[in-house]
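> Given next are the chains, with one letter for each unit.
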Amino acid sequence: DQQVKQNSPSLSVQEGRISILNCDYTNSMFDYFLWYKKYPAEGPTFLISISSIKDKNEDGRFTVFLNKSAKHLSLHIVPSQPGDSAVYFCAARYTGTASKLTFGTGTRLQVTL
Amino acid sequence: EAGVAQSPRYKIIEKRQSVAFWCNPISGHATLYWYQQILGQGPKLLIQFQNNGVVDDSQLPKDRFSAERLKGVDSTLKIQPAKLEDSAVYLCASSPGQLNQPQHFGDGTRLSIL
Chain A
707 DQQVKQNSPS LSVQEGRISI LNCDYTNSMF DYFLWYKKYP AEGPTFLISI SSIKDKNEDG
767 RFTVFLNKSA KHLSLHIVPS QPGDSAVYFC AARYTGTASK LTFGTGTRLQ VTL
Chain B
15 EAGVAQSPRY KIIEKRQSVA FWCNPISGHA TLYWYQQILG QGPKLLIQFQ NNGVVDDSQL
75 PKDRFSAERL KGVDSTLKIQ PAKLEDSAVY LCASSPGQLN QPQHFGDGTR LSIL
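Just so you know, the sequences run in chain order A and B.
Quick note: the first sequence uses my numbering, first residue 707, plus one each step.
Quick note: the second sequence uses my numbering, first residue 15, plus one each step.
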């Protein structure tokens, strides 16, 4: 049972344009969401997070939007840069499970020149 | 700040052999996690420690996998005997332990079973 889903395995965007990565979840008890970025042969690196009491969180070029009614979140990268090319994982957690994270399957972003 | 250290980076063994992975978390981090990441999937939590106690090992195949965190710092994950389906990247992560603190990951150990 995949509780966190990233339905787009890959995405290609031109440098300077906006990248939008999507994530859906099924468990309404999730109350905290994170995005991780992963380069080949490296571990995931924390990027940005959002609590369920918010609908938007921004950090520089990265913005995460949360739509609780739709059980959907998205990561916007503006403007996209070649160094953003990586696999992006969405993860979710809910109170009562300590800090256990449930991860999606990832979306590979390629930013082209 | 030094990151999460893992060794070895790569390991190739034959099925039914045993293997062990080592993790040194970020200094001061109370919580340590072991994840299994199979190709094409997201990381899946195997076991979570708070200091040297187990918080969650519900997805650890206990008939073949074991883990310990002596003295609440370093941790080892062992597989004995290994099966073909254990081929994966094994990631260690740590966090300070407070609510909503992100986990920091090591670079993982890539295990191939022949």
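Since the hints were derived computationally from the structure, they do not count as laboratory data.
Glycine included, C-beta positions come from ideal geometry on N, C-alpha and C.
Hints are supplied without guarantee of correctness; some may be wrong.
Straight-line alpha carbon distances no greater than 30 Å define the calculated DSSO-like cross-link-like pairs of lysine-lysine that follow [what the hints assert, rightly or not]:
(1) B:K58 x A:K774
(2) A:K760 x B:K97
(3) A:K774 x B:K76
(4) A:K806 x A:K762
(5) A:K711 x B:K85
(6) B:K25 x A:K806
(7) A:K711 x A:K777
(8) B:K58 x A:K806
(9) B:K85 x A:K806
(10) B:K25 x B:K97
(11) B:K76 x A:K711
(12) B:K25 x A:K743
(13) B:K92 x A:K760
(14) A:K774 x B:K97
(15) B:K76 x B:K25
(16) A:K762 x B:K58
Covered by chain B, per the in silico footprint, the following chain A stretches (three or more residues, Cβ under 8 Å) [as the list claims (entries may be wrong)]:
(17) 721-727
(18) 779-791
Selected chain B positions facing chain A (Cβ under 10 Å, derived; list incomplete) [stated by the list, open to error]:
(19) F79
(20) K97
(21) L98
> Please count how many residues of the stretch 779-791 of chain A have a CB within 8 Å of a CB from chain B and say whether that reaches 3.
violated (count 0)
> Please verify whether K762 (chain A) and K58 (chain B) have alpha carbons no more than 30 Å apart.
Roughly 27 Å between the alpha carbons, so the hint for K762 (chain A) and K58 (chain B) holds.
> Please verify whether K774 (chain A) and K97 (chain B) have alpha carbons no more than 30 Å apart.
Since the Cα atoms of K774 (chain A) and K97 (chain B) sit roughly 40 Å apart, the hinted pair is violated (cutoff 30 Å).
> Given the hint that K711 (chain A) pairs with K777 (chain A), test it: the Cα-Cα distance must not exceed 30 Å.
11 Å, holds
> Starting from K711 (chain A), check that the Cα of K85 (chain B) is at most 30 Å away, please.
37 Å, violated
> Check whether the Cα positions of K76 (chain B) and K25 (chain B) lie no farther apart than 30 Å.
21 Å, holds
> Check the hint pairing K806 (chain A) with K762 (chain A) against an upper bound of 30 Å on the C-alpha distance.
22 Å, holds
> Against the 30 Å threshold, does the CA-CA distance of K760 (chain A) and K97 (chain B) hold or violate the hint?
44 Å, violated
> Against chain A, is K97 (chain B) within 10 Å by beta-carbon distance?
22 Å, violated
> Could you grab the alpha-carbon distance between K58 (chain B) and K774 (chain A) and see if it respects the 30 Å cut-off?
24 Å, holds
> Under 10 Å, Cβ to Cβ, is where F79 (chain B) needs to be relative to chain A, so tell me if that hint holds or is violated.
At 17 Å from the nearest chain A Cβ, F79 (chain B) fails the 10 Å test, so the hint is violated.
> Does K806 (chain A) sit within 30 Å of K85 (chain B), going by the straight-line distance between their CA atoms?
Status holds; Cα separation ~22 Å.
Consistency note: the structure conflicts with the earlier hints numbered 2, 3, 5, 13, 14, 17, 18, 19, 20, 21.
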